[in-house]
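Colleague: Here are the chains, one letter per residue:
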Amino acid sequence: MDEAGALARFAQRQPLGTAGAVIVVVLVGVAVFAPQLAPHGPKETGFAPYLPPSAQFPMGTDQIGRDVLSRVVWGARLSLYVGLTSVLIGVTLGALWGVVTAYVGGAPDSGSQRVVDSLMALPPIILALALMAALGQSVNNVVLALLLLLVPTAARTVRSVALSVKEFPFVEAALAAGCSHTRVIVRHILPNCLATYIVLVTTNVSYAIVVEASLSFIGAGAPPDEPSWGGMLTAGTQAIENAPWLVLFPGVAISLAVFGLNLLGDAIRDLADPRLRGGLG
Amino acid sequence: MRTYITRRLLLFVPTLFGASLLIFVLMRLVPGDIAEILVYQTGSESSAVQKRQIEQIRRELGLDRPVATQYLAWLAGAVRGDFGYSYSQRRPVNEILAERFPRSMELATVTLLLAALWAIPLGVVSAVRQNTWLDYVVRVLSISGLSLPIFFTGVLILYLLVRVFRWLPPLEYVSLTEAPVENLKQLIWPALAQAYYISAPIMRLTRSQMLEVVRQDYVRTARAKGLGERAVMYRHALRNSLLPVVTFIGWWGGRLLGGVVIMEIIFAVPGMGLALVQAVSYRDYPTVQAIIFVMALIFLTVNLAVDVLYGWLDPRIRYG
Amino acid sequence: MKTRVRLIALLCAALAVPAAVTAQDRPRYGGVLNWFDYGDPGRLDVHAESPLVVQQATAGVYSGLLHWDPDDPSKIAGDLAERWTVSPDGKTYTFHLRKNVKWHDGQSFSSADVKASFDRLLNPEFKSPKCGAALKPLVASVEAVDASTVQFTLKAPVSYFPGAIASAWCRVAAKHILEKYGDLNRPEAQVGTGPFKFKKYDRGSVIEWEKTKDYFIPGLPYLDGVKQYILVGGPTQVAAAKAGRIMLWDAWPPMRKTQADEVKTARGDEVDIYRWPINTIFLLYMNSKRAPFDNPDMRRAVFLAIDRQELITKALEGAGVPCAILDPKLVGEFALPLEEVAKTPGCRQAKDTDLAEAEKLVKKHHPNGIDIEIAVRQVGNYVDRAQLVIAQLRKIGIRGTLKTHESAAGYASFGKGDFQMIATQDRAMDGIDPGDVFHVVYHTNAGSNYAQLSDPKADDLIDRAAKETNKNKRTQLYHELQRYILTSGTTGAVPVGWVEGFFFRDKKVRGYKPALTTYDGNTFMKTWLAP
Chain W
2 MDEAGALARF AQRQPLGTAG AVIVVVLVGV AVFAPQLAPH GPKETGFAPY LPPSAQFPMG
62 TDQIGRDVLS RVVWGARLSL YVGLTSVLIG VTLGALWGVV TAYVGGAPDS GSQRVVDSLM
122 ALPPIILALA LMAALGQSVN NVVLALLLLL VPTAARTVRS VALSVKEFPF VEAALAAGCS
182 HTRVIVRHIL PNCLATYIVL VTTNVSYAIV VEASLSFIGA GAPPDEPSWG GMLTAGTQAI
242 ENAPWLVLFP GVAISLAVFG LNLLGDAIRD LADPRLRGGL G
Chain D
4 MRTYITRRLL LFVPTLFGAS LLIFVLMRLV PGDIAEILVY QTGSESSAVQ KRQIEQIRRE
64 LGLDRPVATQ YLAWLAGAVR GDFGYSYSQR RPVNEILAER FPRSMELATV TLLLAALWAI
124 PLGVVSAVRQ NTWLDYVVRV LSISGLSLPI FFTGVLILYL LVRVFRWLPP LEYVSLTEAP
184 VENLKQLIWP ALAQAYYISA PIMRLTRSQM LEVVRQDYVR TARAKGLGER AVMYRHALRN
244 SLLPVVTFIG WWGGRLLGGV VIMEIIFAVP GMGLALVQAV SYRDYPTVQA IIFVMALIFL
304 TVNLAVDVLY GWLDPRIRYG
Chain L
32 MKTRVRLIAL LCAALAVPAA VTAQDRPRYG GVLNWFDYGD PGRLDVHAES PLVVQQATAG
92 VYSGLLHWDP DDPSKIAGDL AERWTVSPDG KTYTFHLRKN VKWHDGQSFS SADVKASFDR
152 LLNPEFKSPK CGAALKPLVA SVEAVDASTV QFTLKAPVSY FPGAIASAWC RVAAKHILEK
212 YGDLNRPEAQ VGTGPFKFKK YDRGSVIEWE KTKDYFIPGL PYLDGVKQYI LVGGPTQVAA
272 AKAGRIMLWD AWPPMRKTQA DEVKTARGDE VDIYRWPINT IFLLYMNSKR APFDNPDMRR
332 AVFLAIDRQE LITKALEGAG VPCAILDPKL VGEFALPLEE VAKTPGCRQA KDTDLAEAEK
392 LVKKHHPNGI DIEIAVRQVG NYVDRAQLVI AQLRKIGIRG TLKTHESAAG YASFGKGDFQ
452 MIATQDRAMD GIDPGDVFHV VYHTNAGSNY AQLSDPKADD LIDRAAKETN KNKRTQLYHE
512 LQRYILTSGT TGAVPVGWVE GFFFRDKKVR GYKPALTTYD GNTFMKTWLA P
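Residue numbers (my numbering), protein chains in the order written: chain W, 2 to 282; chain D, 4 to 323; chain L, 32 to 562.
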């Protein structure tokens, strides 16, 4: 089979990337099949607290008697939801903003750059805190907060790429040939920004997951009863010595997710940019 | 170059204005104000008394004026450098700024130094030995820095210090000028945790920049001229690939100078990040506005400085 | 010659042994006590503020007229007052002040200072949520009879006035300082008559006191100073305890059992771990002015359904007294015996009968169950408690969604009645009078009556018990009041229990007794450090 051969070659050439891909596939699988995989509900509190890992509770129970394994499994779904939604919406919106303003140029471009700068100058944590306080703490508001963090950076990055793409000769040629601006943007500018976009998405999904965890430490992350890995990690720091399983399993979960996503993202980027393959010279 | 700098400096004004307006509006959208918090947090008076006290506090602080008036009054003070009085600490906000900023600055500087010293050489190594096991090790190491939330790294450091060495960093802050050793004994740990976290993207950026640059024509030319591999690498490739890295570090510097509240909480460093979070929590508008203003100013200044440096170092870039 | 020397040596040895034993029990001078404050005080005016961080930062600097005896925290003793007398009608208290007491800046203390302090506290325009709020309803006037005598005239005789005046919040400040600075917020204004002088306040970092050289009790204090690190993060506080950087853990926040175990493992024989009540009641509030809890049936359903024992076992790791409105450990006979409380509906185990009745009550008004928002501030482990409550209420058809509030701003939401249910919120008492919890939580005008429930019968009992001077009659009234609240079950503030916590003390720290409120026992006037 040609595909099998191609996959095998990919695995050989990009061992790290393959490892990453495997991890991500497992992550997505766990997230999708969470209801079937988790032995209990993520908010079920009927059990004795602080039980160490055992046959009945492979990852132990937490400080109010919930099954850690179930919460870690459901946590995959929450982390992936938060990471993917915030990044896909945020980076896409930002990228579109960057492309359009780069293309249009002039005063609108300058004005929107000021807005982007103003947003970027605000420390992310305060933005998240204020949003949670104003709108209430919920998973979707966490997504919103992360989104607001990602849009300006994406806009700026993609804008600078689009600015250079705008100067390419084929753009001028297309315009001279009578293509509409929209057509030029969609068929010429956007595709050339694709590599940057992919890089932004892959690096930011894991960033979003980790930022959500940090937000939970100061009380601005997902609501504490949700099975958020970051929330579990925060709660577990109160008892590292006596109940290490409370930080071990969510910590490993976060690390694995970040590793997988980053390795995979690196490999995709290397593939997309042929100049980065192979050795030097 | 000078026109470029002047133009950028002029652009500070609308950006600062925008940022301060944004945070002003955001803080007003958040429910509750200092009057309510001060009065309700005791829960010991009857509601009639409480209502009276709230109105009195609001009058004293000028919170009963229309919102637009409040912003303009703040703005008028801000351009003179007078940021008013903190609602929750009853002292001039400028005092708070003067007290807290040097600490965050020191922590940020140490963090950046550590991160650069660690990340850049490793990134170079990883690029020069691409696709070897060394490259893989460095890439895995770099990702590991990103993979744990920074609060966890901090708590873990504290825990291990106590568990393994039965030692804890100093819990009270002394300035670098007063007692440099004590100061560094306290700050080195949050700096390490932060540096570990930000070194990851720096390492990767260095690596990808190096990889890109060595394929450029001028490198090939240098090789063709017969320069040794080492000269090629370090004199030409490295210097040019560092520029985006410097920009990136500068961007992080701008962020870090505002103080990282999580590190400040864990390592008991009373810096700007903590001051800001506490001010938001108490709806201490003057302090929030002032700190955000200063943070934005720093961020913009650092980015400008880095861009200027970029232009000065790279002969191909000319700012018109 | 040799025998004589040997005899003298033997004699010395014989004397030295008991001397060594008593030397260990005899207080030593010197050393600095290290502990921590859980937040940055910011403002330091003990008359105007209410958070514990402020009181803790300034406790040793001031003296009161009376105070809770550091040697026996359940007794009131004179501080600046050597002795006091009560008039036969119980309305006039005359305090005879110590003579030759000096303020930390060298000026002399007199009754003028007492009058100035209490005039300030009792001023209707002055916001004093602790001492002022407690004394304003009681005191008609304060007069300085002569330089060392002060008279308080009460509006009506009440038996608990000494306790109110002994509060850690009713400290005496200097008249000349109040005149100079207007308030006591600044570090420079921290001039008191207490065993320690206010030495240093590095905001966000550390608070330091140093020994008062001419404190009015000769021979005290033993310590050279007290140092409080400002440690905001929980893991940092525990790490400081494990590394021996702090010598004791007092009052707030109480350690969890797991944390206490960690400290024990790390420090071993160097520390004593103990469990102690923090005179704080653990409450669940229901807003009686909003649906669904404006309906007394619904309130009763929740009252019956809440499993107090489970909450205390899981959320407090067993460190608490379930169900009681008054804790016998703290108020003695005024509290209903715990055996009686344990049989009341809502408290009795097993909960089958109560749960069945609760479910019926809910079904009567909401046949398909009901969805509510459960508010909670993000402090300590309130969030964990809320999740346990959610699980418990689900059994009777009440489906709760968690709504978290910020630590500071959350109070504003509660005060404004912006909630359906608060699960949960603790309330610390300022003293050990049985009336405290009722004046503060259950009375219609009570400041922490977040439920905004007005129960005339309860109010009547509370008011009568406050005025009753005969101890037996007063006990009867409080018993009747507790029974009424516990059996009617329609209260807006469900008493889940009284909170206790785990604490530690370095064995080197002597002469320190944890007090019966979170605000006392932190002046360290008689504390000393063994070598």
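Everything labelled a hint here was simulated from the structure, so no lab data went into it.
In this text, a Cβ means the ideal position worked out from N, Cα and C, and glycines have one as well.
Errors might be hidden in some of the hints.
Quick list of the computed label-pair ranges, beta carbon to beta carbon [said to hold, decoys possible]:
1. D:228 to W:168: 41 to 51 Å
2. D:84 to L:211: 25 to 35 Å
3. W:141 to L:395: 43 to 53 Å
4. D:16 to W:45: 54 to 64 Å
5. W:109 to L:217: 50 to 60 Å
6. L:432 to D:137: 46 to 56 Å
7. W:47 to D:250: 20 to 30 Å
8. D:182 to W:45: 47 to 57 Å
9. W:141 to D:9: 56 to 66 Å
10. L:432 to D:84: 45 to 55 Å
Colleague: It remains to establish, for every hint, whether it holds in the given structure.
Modeller: Checked hints:
1. D:228 to W:168: 41 to 51 Å: violated, 31 Å
2. D:84 to L:211: 25 to 35 Å: Once the Cβ atoms are compared, 29 Å apart, the range 25 to 35 Å for residue 211 of chain L and residue 84 of chain D holds.
3. W:141 to L:395: 43 to 53 Å: Since residue 141 of chain W and residue 395 of chain L have Cβ atoms about 35 Å apart, the given range 43 to 53 Å is violated.
4. D:16 to W:45: 54 to 64 Å: holds, 56 Å
5. W:109 to L:217: 50 to 60 Å: Given a distance of about 52 Å, which is inside 50 to 60 Å, the answer is holds.
6. L:432 to D:137: 46 to 56 Å: holds, 52 Å
7. W:47 to D:250: 20 to 30 Å: Hint violated: Cβ distance 54 Å, outside 20 to 30 Å.
8. D:182 to W:45: 47 to 57 Å: At 53 Å between Cβs, range holds.
9. W:141 to D:9: 56 to 66 Å: violated, 44 Å
10. L:432 to D:84: 45 to 55 Å: Check passed, 47 Å falls within 45 to 55 Å.
Checked against the numbered hints above, the structure violates hints 1, 3, 7, 9; every other hint is satisfied.
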